[in-house]
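The listed protein sequences derive, respectively, from chains L and S.
For the first sequence, the residue numbers in our numbering are 1 to 218.
For the second sequence, the residue numbers in our numbering are 1001 to 1221.
Read the hints as simulated data drawn from the structure, not as lab findings.
Remember, predicted model here, so these are calculated numbers, not experimental data.
Among the hints, erroneous ones may be present.
What the hints assert, rightly or not - The calculated lysine-lysine pairs, modelled on DSSO-like cross-linking and capped at a C-alpha distance of 30 Å, are:
| no. | chain 1 | residue 1 | chain 2 | residue 2 |
| --- | --- | --- | --- | --- |
| 1 | L | Lys146 | L | Lys159 |
| 2 | S | Lys1140 | S | Lys1043 |
| 3 | S | Lys1122 | L | Lys74 |
| 4 | S | Lys1069 | S | Lys1156 |
| 5 | S | Lys1043 | S | Lys1122 |
| 6 | L | Lys40 | S | Lys1122 |
| 7 | S | Lys1140 | S | Lys1156 |
| 8 | L | Lys168 | L | Lys146 |
| 9 | S | Lys1122 | S | Lys1069 |
| 10 | S | Lys1043 | L | Lys74 |
| 11 | S | Lys1069 | S | Lys1043 |
| 12 | L | Lys159 | S | Lys1156 |
One-letter residues, chain by chain:
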Amino acid sequence: MVGRESVNCEQVWSEISNYVDGDVDAALRASMDEHFHSCKRCASVLAGTQNVVRLYGDERMLEVPAGFSRRLEKRLAQGSIGFLGIGERWSSWSAWLVPVAALALFAGGLKLADKFIFNPPAKSILSAPGHDIPPDMQVVISDGSKVFHVAGCPFIHDKATERTITAKDAMQDGYVPCTRCLRQYLKTGVSGKRGIVASDNDSDDEQDEKVSIGSITP
Amino acid sequence: MSEPSVVSTNSEQAGGTREQELILSVQRGQNELFYELVRPYEKRVYAAALAILRNEHDAEDAAQEAMLKAFANIRQFRAEARFSTWLIQITVNEALMRRRRGRTVVMEGIDDRRIAEESDYKPREFADWREIPSEALERKEVRQRLADALRTLDRKYREVFVLRDMEHLNIQETAEALGISVASVKTRLLRARLMLRDLLAAGWEQGWFSRLPFEKGTKPW
């Protein structure tokens, strides 16, 4: 330890930084204080050191380049997602929004698929079953075809083998109504109405055949 | 006797409660508050990075990266440490790592041998002296002169000086941040302060502070 009576300039210089920081014991501080009063050079060194500490320690000495804050904020906004992942980055209310939205999209997709794949609109009346056909109505069937007709229908497949049975029996045997002569008993998927009679331009064949449905309807 | 670290600590205590609230909020997941938490320290973070890297672009990038690392590790922060110190230490680590990565060969002398050399510094003699008022820093020219003088210091002195006198870390924190002994910090700090004192005194001779309100015939030293 430097004694109060023996402190000299070199010793003062070696301890002056600790002195400024208040990091010297009381005896040394007293010795240095006494020295400063008598030594203008050391007093100058002390004042200069204090100037340095005070000026550089001022907040105004801390400057950042123009736009630094904006760029930092942007980097933090971008980087925070990378560090934590989307689930942690987002607030709690929006955290469950993602799976819910995904579920809704999935359900919507299923509904669309069901509409277009599992329940397609009937584009052909051949695929539609008959309805409201009087069970006792006499119809004509023939070999080589599973279609039953009214008598006189020009579209009976093999007239040589035609037989007359009731409509109920025909349907029980797996026969379906003729789309020409029994059209009023067919449901058309296109119109959505039961038993509606198709217009003349439904198909080129029908136009060519010029069948008068009304004339052969029982 | 001026104690800049005490002034700084008081100002930090004034906003300490709000800072603790912000820390807890971010730790609990309110990430959007993180920038509000670190904004008061962005200048100090940048200054710490610049002291080590000496390049503005590198310093800014290191400062941003340090902030991101602080964000990523915010849950590990414990209240027994000052948040500013924790943040500065992360910044110093980031800057030191970048400097090591950027250099192929880093040859540093033996610390203990340098201590003896550093202790021999003899300050220049200036007969007249006077305190420089802090108002001088209002002038950009003065701030620039001080920054220029700081840049002329050797790296090992500049780093210690910036962390201790500008970032207001204490001696122990400075030693831990830089990975050197407490004795080395004290010796380098003494040397840095005396060298800056001499540089600024020479600047006075060159008229840096010529427009400051000193009495005619007096000098700031």
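Status of the hints after comparison with the structure:
no.: 1; hint: Lys146/L <-> Lys159/L; verdict: holds, 14 Å
no.: 2; hint: Lys1140/S <-> Lys1043/S; verdict: holds, 17 Å
no.: 3; hint: Lys1122/S <-> Lys74/L; verdict: violated, 48 Å
no.: 4; hint: Lys1069/S <-> Lys1156/S; verdict: holds, 25 Å
no.: 5; hint: Lys1043/S <-> Lys1122/S; verdict: violated, 33 Å
no.: 6; hint: Lys40/L <-> Lys1122/S; verdict: holds, 15 Å
no.: 7; hint: Lys1140/S <-> Lys1156/S; verdict: holds, 27 Å
no.: 8; hint: Lys168/L <-> Lys146/L; verdict: holds, 14 Å
no.: 9; hint: Lys1122/S <-> Lys1069/S; verdict: violated, 42 Å
no.: 10; hint: Lys1043/S <-> Lys74/L; verdict: holds, 16 Å
no.: 11; hint: Lys1069/S <-> Lys1043/S; verdict: holds, 17 Å
no.: 12; hint: Lys159/L <-> Lys1156/S; verdict: violated, 114 Å
Comparing the model with each earlier hint shows violations of hints 3, 5, 9, 12; every other hint is respected.
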